[in-house]
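Asks: If you want the building blocks of each chain, they are given just below.
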Amino acid sequence: MARATLISDPTGAAASALTLEALRDVPPRSHRELTRIALIGNPNSGKSSLFNQLTGLNQKVGNFPGVTVDRKTGISQLTSQHRAEIIDLPGTYSLYPKSLDEKVITDLLYDKVSDQYPDFVVITVDASNLRRNLLLFTQLADLGLPAVLALNMMDVAEQHGVQIDIMALQQELGVPIIPMNARKGVGIAALKIVMSRQLGAPTVSFFEPSEDLLPMIRQIRYYFNLHNDYLALHYAHQFRQISFLTADDKAYIAELVEKYDFKPTPRQAQETIDRYARINDILLNTVTVVRTEKNEPYSNKLDKVLTHKVWGYMIFFGILFLMFQAVFAWASYPMELIDEGVTWINQLVQTNFDGPLVNLLTEGVLAGLGGVLIFIPQIALLFAFIAVLEETGYMARVTFMMDRIMRKFGLNGKSIVPLISGVACAVPAIMSARTIENWKDRIITIFVTPLMSCSARIPVYTVLIALVVPPQKVLGIFNLQGIALMGLYLLGFFAAIFSAWLLKLILRTQNKSYFIMEFPVYRWPRWKNVGITIVEKVKAFVFQAGKVIVAISVILWVLASYGPGNALEQAETRVRATAAQQQLSAEETDIRIASEKLENSYAGLFGRTLEPAIRPLGFDWKIGIALITSFAAREVFVGTISTIYSVGQDADMRTVQQKLAAEKDENGQPFFTPARAFSLLVFYVFAMQCMSTLAVVYRETKGWKWPLLQLFYMTGLAYVSSLLVYQLFK
Amino acid sequence: MSSRSAQAKTPTPRSVKDLRLGESGTICCLEDPEMALKLLEMGCIPGTQVRLNSRAPLGCPITLVVGDEDYTLSLRVSEAATILLKD
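Same order as they appear, the protein sequences are chains A and B.
Numbers 1 to 730, taken from this note's numbering, label the letters of the first sequence in order.
Numbers 1 to 87, taken from this note's numbering, label the letters of the second sequence in order.
There may be inaccurate statements among the hints.
[Claimed, not checked] The calculated EDC-like cross-link candidates involving lysine to aspartate or glutamate, where the alpha carbons are at most 20 Å apart (straight line), are: (1) A:Lys192 with A:Asp261; (2) A:Lys440 with B:Glu34; (3) A:Lys192 with A:Glu208; (4) A:Lys301 with B:Asp68; (5) A:Lys702 with A:Glu536; (6) A:Lys103 with B:Asp68; (7) A:Lys659 with A:Glu599; (8) A:Lys263 with B:Glu34; (9) A:Lys263 with B:Glu31.
[Claimed, not checked] Calculated Cβ distances over 12 Å to all of chain A for the following chain B residues: (10) Leu19; (11) Pro33; (12) Glu41; (13) Leu85; (14) Asp87.
No lab work stands behind these hints, which were simulated from the structure alone.
The C-beta atom is built at its ideal place from N, Cα and C for all residues, glycine as well.
Turn these sequences into a full structure, and let the hints steer you where they fit.
Replies: Set out below in structure tokens:
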């Protein structure tokens, strides 16, 4: 439908023809070099749709040099001989950055000598919201960068009765304009042709810095050898935040700013007002709005239900329930398949090869890899949900409904999504915290999310609860064990909320927390965008977090398989001797050997060393080993305990429980008293025993500071709580 | 912002915070200079008409329809209080 609109619209078609006509004499770019094109635009202007249309799956995520923000680039085949590198810049409303994300833009566009400097920019603009979208355009044009205007969402503009005289607008703005509908792919071909040409700088300027600033601007221009006044003005505005300026450069500008008594805030306010005045003039001559009577947008009607004080929350919790269902139930089938696949490969290797290298491969690398790959279905499903909620514009409404509640705890409306997802798995949950723009709110969210009880804690919970809590009915309907389990989840949730509140008091930030955001119009999700998001997140997880996880599992394997000197060999001979005496079966002998070897391995040694520290919590060295091994992932606890208590690796839970129940302390009394079991449970609620989470926090915060703080905080919390529980109840 | 001193003379200037649901007003000036920069960029220019469109279930944040385009802005009540209205 939109294609028909564009072609039947005489102005639009003529304008495209005019654009191409004007470019006919311009020589195409040299084919040898890769043109670098930056994509920039307001949030919700269809920028990511355009980026996905241009690059498809030829995308990669890396770091901006020296900045801790993701940089998305992709390769686009413009014409048969011409390829270009497209840089996707964060969505922004202006060139005065408010967040770390937006700072990336100024760092890229203000440094002409950088080898990252783009050859030109494609500016996406929402045609149905031209006034506000043109603000960024006029700023970019004044920087003198060659630019193309991608006039997106022409179909929406049409529906709103917005008629744009594209030829006149092109004249007024001084750059080629391509009317398009990126979601449907309309106009992409024309845009690619323009992008493959050598463009000149925009021919129109929109704002002149006021006369009294010219002496200062001239000095900055001269000192930095800049090509235009407006860029020099931005240096004066933002020198403190521009990362490529040296300390001397900054001192020089600071001196000038002082000397000329330059006041950035009122100047910037006045500039914005002037620009809007100019944009109003331009729109007066080029845009007519034919208002149809029944123009209450369907978005408003939907909002009446979706943000209703009763229905709104009910629908939200319904969606959350569906999401849980997906992550817990639907994901379990592909997860089992992956698990079986890894086990199959493992057995294949074990039956065909032998030697210590094979053990390293199977018990270290493959076990670690399996631990990574098994999360793929959960990550894919969770991000499918989140991408759809984002794409449709619903996420903004959830944020809107939750902001007031979450703010009390130093969180943000958007924190609700990671917190809820954290009950499934902290790894994708922490990745989803990216939607939170405010640095402080995002860090707090990332910091507290692992306290939500994830699915990996379930095996530990069930084994220990079944051991010490009787399966009794309370008040006729509730099961005492169920209540205990529920209590552990609530404990985690309240710990998360309380920690957030605590962190809110401690953290200082120079960024003011705003909640000023555009309410996007509801739209159908673009499945291509959803698909690309899923592939991208899964790839990021497998390659980035995977590296660390595999490395750690290899280290853990080495620690558990080797001991000082020939301690392991001695242990084996010892067991074989007693086994022969007691006439044990071969299977039982093997299990004993494994247990004895573990005790004498480096891991066992650590357990022994750890014992004095964990004795006040009620734990012995055997639990110490389990704590160490399950540091990589909590579910390892049950496996380790089975080995240590001489149970075969693949024994089912009940035998583990029987062994735990049979375990005696030095006085011959049952070792697992309720006090010990609850102490251990509480430890597992709080402790940061998940390498995957640490790896993903490292990746998301681009440094070791936060994962290490998290590790110490959570382990400390676990230790103190366990200590209290054991000392109070023993 | 230039008319801020003039505003100070009126005892209680009305702000966007005081609008009733569905009521419109014209922006006269922005009080908080730092927040003003963000609000200006989002189209809240003095002289622009805004309509209080909805409130979140707990009363905050709120949504405004800015200008004559169908553009909805969401902001906290404390932020809305810095947008003063013409009488």
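Asks: Now, for every hint given, state plainly whether the structure supports it.
Replies: Hints and how they fare:
no.: 1; hint: A:Lys192 with A:Asp261; result: violated (46 Å)
no.: 2; hint: A:Lys440 with B:Glu34; result: holds (18 Å)
no.: 3; hint: A:Lys192 with A:Glu208; result: violated (32 Å)
no.: 4; hint: A:Lys301 with B:Asp68; result: holds (18 Å)
no.: 5; hint: A:Lys702 with A:Glu536; result: holds (18 Å)
no.: 6; hint: A:Lys103 with B:Asp68; result: violated (31 Å)
no.: 7; hint: A:Lys659 with A:Glu599; result: holds (17 Å)
no.: 8; hint: A:Lys263 with B:Glu34; result: holds (12 Å)
no.: 9; hint: A:Lys263 with B:Glu31; result: holds (17 Å)
no.: 10; hint: Leu19; result: holds (17 Å)
no.: 11; hint: Pro33; result: violated (5 Å)
no.: 12; hint: Glu41; result: violated (5 Å)
no.: 13; hint: Leu85; result: holds (17 Å)
no.: 14; hint: Asp87; result: holds (21 Å)
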